[in-house]
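Participant: Construct the complete structure from the given sequences, taking the supplied hints into account.
So the sequences go chain by chain: R and Z. Using my numbering, the letters of the first sequence correspond one by one to residues 1 to 553. Using my numbering, the letters of the second sequence correspond one by one to residues 554 to 743.
What the hints contain is simulated information worked out from the structure, not anything from laboratory work. For glycine and all other residues, C-beta sits at the position ideal for the given N, C-alpha and C. Honestly, I wouldn't trust all of these hints.
Claimed, not checked - In silico DSS-like links for lysine-lysine, alpha-carbon gap of 25 Å or less:
#  : chain 1 : residue 1 : chain 2 : residue 2
1  : R       : 425       : R       : 358
2  : R       : 373       : Z       : 640
3  : R       : 436       : Z       : 679
4  : R       : 477       : R       : 425
5  : R       : 318       : R       : 477
6  : R       : 508       : R       : 494
7  : R       : 311       : R       : 477
8  : R       : 477       : R       : 467
9  : R       : 508       : R       : 373
10 : R       : 319       : R       : 367
11 : R       : 415       : Z       : 715
12 : Z       : 715       : R       : 22
13 : R       : 436       : R       : 467
14 : R       : 367       : R       : 311
15 : Z       : 715       : R       : 508
Unchecked claim - Some chain Z residues well away from chain R (every beta-carbon gap over 12 Å; in silico):
#  : residue
16 : 615
17 : 620
18 : 632
Read off the chains here:
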Amino acid sequence: MKKKAKHSQEEAGELSDAEVLKLSALCDDLVDGTISPVRHLELERILISDEAAQRHYVRLIGLSASLHEYAGEFGSEEGDGSMASFPDRRERKRWPLRARLSLAAALVSTLFLGTLLAKNWMDQRSVAVGQDDGIAVMTRALGLEWVDQARSYRVGQRIPAGRVRIASGTMQIEFYGGATVILEGPANFEIRSANAAFCHYGKLRGNVPPQAIGFTIGTPEYDLVDLGTEFGIAVAQDGTSEVHIFNGKVELRGVGREGKDVLGLSQGQAMRLTGAMTGKIFGMNPGLFPGASLLDDVGSASDESSFQKWKKFSADLKKDPSLVAYFTFEPERPWDRVLRNQGQGSDPGLNGAIVGAKWAEGRWPGKGALDFKSPADRVRLSLTGDFRSLSFAAWVRIDGLDRKWNSLLLTDDWKAGSVHWQFGKSGEMILGTRGKTSFTNYFSGPEIDFADLGRWMFLATVYDSEKGEVRHWIDQKVISREAIQNPENFPPIKFGSMELGNYRPTGKTGPQDVRNFNGRMDEFMLFSRALTDEDLETIFQIGRQDGCVPKQK
Amino acid sequence: MESETHNPETHNPEDRGDDLVGLLTRNQRKIFAYIYTLVPNRADAEDLLQETSLTIYEKFGDFEPGTDFVAWANRIAWWKVKRAQQKFARSKVVFNQEVMEAVAATAGTMQAEMNDRHKALEWCLKKLNERDRRMVLTRYESGSGVERAAAEAGRSLQAAYKALGRIRQMLMDCVTNEMQHSGIARRETG
Numbered sequence: 001m002k003k004k005a006k007h008s009q010e011e012a013g014e015l016s017d018a019e020v021l022k023l024s025a026l027c028d029d030l031v032d033g034t035i036s037p038v039r040h041l042e043l044e045r046i047l048i049s050d051e052a053a054q055r056h057y058v059r060l061i062g063l064s065a066s067l068h069e070y071a072g073e074f075g076s077e078e079g080d081g082s083m084a085s086f087p088d089r090r091e092r093k094r095w096p097l098r099a100r101l102s103l104a105a106a107l108v109s110t111l112f113l114g115t116l117l118a119k120n121w122m123d124q125r126s127v128a129v130g131q132d133d134g135i136a137v138m139t140r141a142l143g144l145e146w147v148d149q150a151r152s153y154r155v156g157q158r159i160p161a162g163r164v165r166i167a168s169g170t171m172q173i174e175f176y177g178g179a180t181v182i183l184e185g186p187a188n189f190e191i192r193s194a195n196a197a198f199c200h201y202g203k204l205r206g207n208v209p210p211q212a213i214g215f216t217i218g219t220p221e222y223d224l225v226d227l228g229t230e231f232g233i234a235v236a237q238d239g240t241s242e243v244h245i246f247n248g249k250v251e252l253r254g255v256g257r258e259g260k261d262v263l264g265l266s267q268g269q270a271m272r273l274t275g276a277m278t279g280k281i282f283g284m285n286p287g288l289f290p291g292a293s294l295l296d297d298v299g300s301a302s303d304e305s306s307f308q309k310w311k312k313f314s315a316d317l318k319k320d321p322s323l324v325a326y327f328t329f330e331p332e333r334p335w336d337r338v339l340r341n342q343g344q345g346s347d348p349g350l351n352g353a354i355v356g357a358k359w360a361e362g363r364w365p366g367k368g369a370l371d372f373k374s375p376a377d378r379v380r381l382s383l384t385g386d387f388r389s390l391s392f393a394a395w396v397r398i399d400g401l402d403r404k405w406n407s408l409l410l411t412d413d414w415k416a417g418s419v420h421w422q423f424g425k426s427g428e429m430i431l432g433t434r435g436k437t438s439f440t441n442y443f444s445g446p447e448i449d450f451a452d453l454g455r456w457m458f459l460a461t462v463y464d465s466e467k468g469e470v471r472h473w474i475d476q477k478v479i480s481r482e483a484i485q486n487p488e489n490f491p492p493i494k495f496g497s498m499e500l501g502n503y504r505p506t507g508k509t510g511p512q513d514v515r516n517f518n519g520r521m522d523e524f525m526l527f528s529r530a531l532t533d534e535d536l537e538t539i540f541q542i543g544r545q546d547g548c549v550p551k552q553k
Numbered sequence: 554m555e556s557e558t559h560n561p562e563t564h565n566p567e568d569r570g571d572d573l574v575g576l577l578t579r580n581q582r583k584i585f586a587y588i589y590t591l592v593p594n595r596a597d598a599e600d601l602l603q604e605t606s607l608t609i610y611e612k613f614g615d616f617e618p619g620t621d622f623v624a625w626a627n628r629i630a631w632w633k634v635k636r637a638q639q640k641f642a643r644s645k646v647v648f649n650q651e652v653m654e655a656v657a658a659t660a661g662t663m664q665a666e667m668n669d670r671h672k673a674l675e676w677c678l679k680k681l682n683e684r685d686r687r688m689v690l691t692r693y694e695s696g697s698g699v700e701r702a703a704a705e706a707g708r709s710l711q712a713a714y715k716a717l718g719r720i721r722q723m724l725m726d727c728v729t730n731e732m733q734h735s736g737i738a739r740r741e742t743g
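Facilitator: Here it is, written out as structure tokens:
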């Protein structure tokens with residue numbers, strides 16, 4: 001097409017009506033992905049030298065770019081199209097205020113959050129929510145009893161600066177600086193930085209590799225500065241303390257009558273102090289302190305016993321008539337590509353076909369899991385029947401919040417009765433249900449965050465039509481409750497074909513968004529009834545693998 | 554009349570604060586639209602936006618506060634698109650280099666107009682009847698497409714393509730009309 005004379009300054013005014021129509025038709029095909037190579041060449045010929053055509057093209061394609069955004073602003077793929085829920089960020093109700101106020105949420109509510117670089121987002125989010133300030137990580141535990149449940153940690157969880165108070169039990173803490181501390185309760189221990197801590201009282205063993213030389217443990221009277229070694233220190237509440245050096249050297253700073261002396265202790269030596277007053281040097285006794293190997297032995301014994309406890313529980317659970325689908329992820333052979341249903345549902349489609357996902361280790365050594373990594377990974381399932389109430393529950397280790405939608409269990413269909421169980425990029429649990437004329441997403445707040453990546457956690461969602469509410473649950477607590485919207489519009493839930501860990505919409509053949517779950521799953525339960533909070537608490541307590549003493553009621 | 558060469562963002566005093574996240578948050582839609590104009594496929598465009606965002610993050614030190622952030626970001630996006638074209642060319646139909654450059658240059662001069670059009674579109678969407686609005690938004694939802702829009706509307710695929718063409722045309726006309734009424738249409742067209 002040759003350049004046209006300008007008729008007016010109106011937009012597209014330089015193009016004839018026929019040209020505008022032609023361009024519109026070509027652009028329709030282009031954005032819908034149906035353009036043929038011949039027509040694509042035609043479009044190129046039109047655009048190559050005609051600036052008016054280029055401008056009109058930018059407006060036409062820009063309209064589609066904007067529509068992608070407005071469609072996204074529904075807050076969900078499953079938002080409904082009624083005027084009442086017309087996109088307006090200010091009207092979205094399901095986000096807690098805290099989230100809306102945080103910078104993280106400012107980013108979340110922007111359409112293409114997913115595109116914002118993960119690193120930056122993570123930094124901002126952590127600052128905003130105050131959670132990625134870990135300077136140590138709890139790596140092992142045995143029989144722990146926390147002084148304050150609200151300030152307890154799980155194996156694999158990061159620990160920020162602050163007090164670690166345990167009434168009994170033993171835990172291993174690895175500082176980001178490289179030092180490892182095995183702490184025995186009762187203890188009141190304070191993590192101060194990646195290379196420093198303070199022991200108000202308690203008994204611990206420290207192992208300090210060369211990278212962490214200078215690691216300091218303060219006590220009320222003096223500081224113990226490690227010069228590359230392994231040592232034990234016990235601080236009693238009456239102000240006396242004992243220091244034993246198993247290897248290498250330490251310095252005690254701030255000891256003596258004036259509290260200003262520095263005293264070196266070397267391998268094999270031990271000393272009892274009263275306040276800052278030093279005592280006689282005597283022979284060290286490593287047996288007085290909690291040891292890594294001790295934790296190894298008891299650790300695995302505890303793993304073993306909690307695994308056994310779970311196995312027994314699991315065997316009983318299988319008999320629950322409401323447990324329709326139950327996957328324990330234990331392959332009979334390493335090359336098994338069938339995920340066998342252990343639940344009561346007799347539907348043959350409940351023996352899942354594993355696609356892509358690989359077998360991996362689950363919560364305990366020897367326990368199986370499926371690792372979902374690539375966008376191809378999924379387990380194909382099908383289930384017939386109508387369900388009024390449902391409970392979904394799974395033990396998962398989330399490795400990344402990298403998709404806008406992270407699939408747990410989704411029906412291929414999205415029609416009346418369909419259900420989508422998933423979590424969003426900002427860590428919100430989502431249950432989407434489809435009714436006859438509309439659909440509803442039940443969101444929790446953004447509860448899963450970067451601190452949760454890499455640890456085993458228990459996720460559950462209850463669709464309780466009796467009580468008329470949807471409850472989301474993480475680990476041992478309910479994170480959200482919401483009334484079921486317009487129940488009369490929602491027929492019983494029907495599954496049909498569905499997928500664990502991924503989503504393949506019915507009838508869709510072309511490219512689609514990546515929505516696979518990134519992580520491992522080692523137990524999945526689908527109940528045809530609404531589990532109570534007590535049921536979920538029990539499943540959580542039996543299934544937790546870190547040897548923690550269950551929370552006292 | 555506002556000058557066409559200035560992005561309104563640059564007049565905003567809060568942008569002088571070197572706040573990368575703020576700048577990116579406010580402007581990524583515009584950067585996305587620019588990329589999408591050159592690569593009209595949502596998933597590809599989002600991938601490119603992500604790559605662009607990473608580079609913006611790395612090179613943010615080079616950005617001069619007070620200058621046009623979107624123009625600067627679009628230049629980075631342009632290089633990402635150009636590099637990706639070679640990759641895409643093996644698997645799908647893409648514009649040749651010459652067309653890409655011409656369209657990119659034109660799109661680069663239309664930032665302010667496209668921003669106004671985007672805002673006008675929100676109003677135009679509200680004016681659509683509910684059936685059309687539901688259909689077009691379903692079509693453009695993440696992970697959705699024409700097939701799903703057709704299924705949900707209970708129409709054949711062919712009918713859905715047709716309906717979507719008609720709805721887009723209505724929206725185009727409405728936006729153009731809004732632009733003319735609000736007197737901002739000619740900002741970029743002279």
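Participant: Does each hint hold? Answer for all of them.
Facilitator: The hints, checked one at a time:
no.	hint	verdict
1	425(R) <-> 358(R)	holds (23 Å)
2	373(R) <-> 640(Z)	holds (24 Å)
3	436(R) <-> 679(Z)	holds (23 Å)
4	477(R) <-> 425(R)	holds (21 Å)
5	318(R) <-> 477(R)	holds (24 Å)
6	508(R) <-> 494(R)	holds (20 Å)
7	311(R) <-> 477(R)	holds (23 Å)
8	477(R) <-> 467(R)	holds (18 Å)
9	508(R) <-> 373(R)	holds (22 Å)
10	319(R) <-> 367(R)	holds (21 Å)
11	415(R) <-> 715(Z)	holds (23 Å)
12	715(Z) <-> 22(R)	holds (15 Å)
13	436(R) <-> 467(R)	holds (21 Å)
14	367(R) <-> 311(R)	holds (10 Å)
15	715(Z) <-> 508(R)	holds (19 Å)
16	615	holds (16 Å)
17	620	holds (21 Å)
18	632	holds (17 Å)
Violation of the numbered hints given earlier is absent; every hint is satisfied by the structure.
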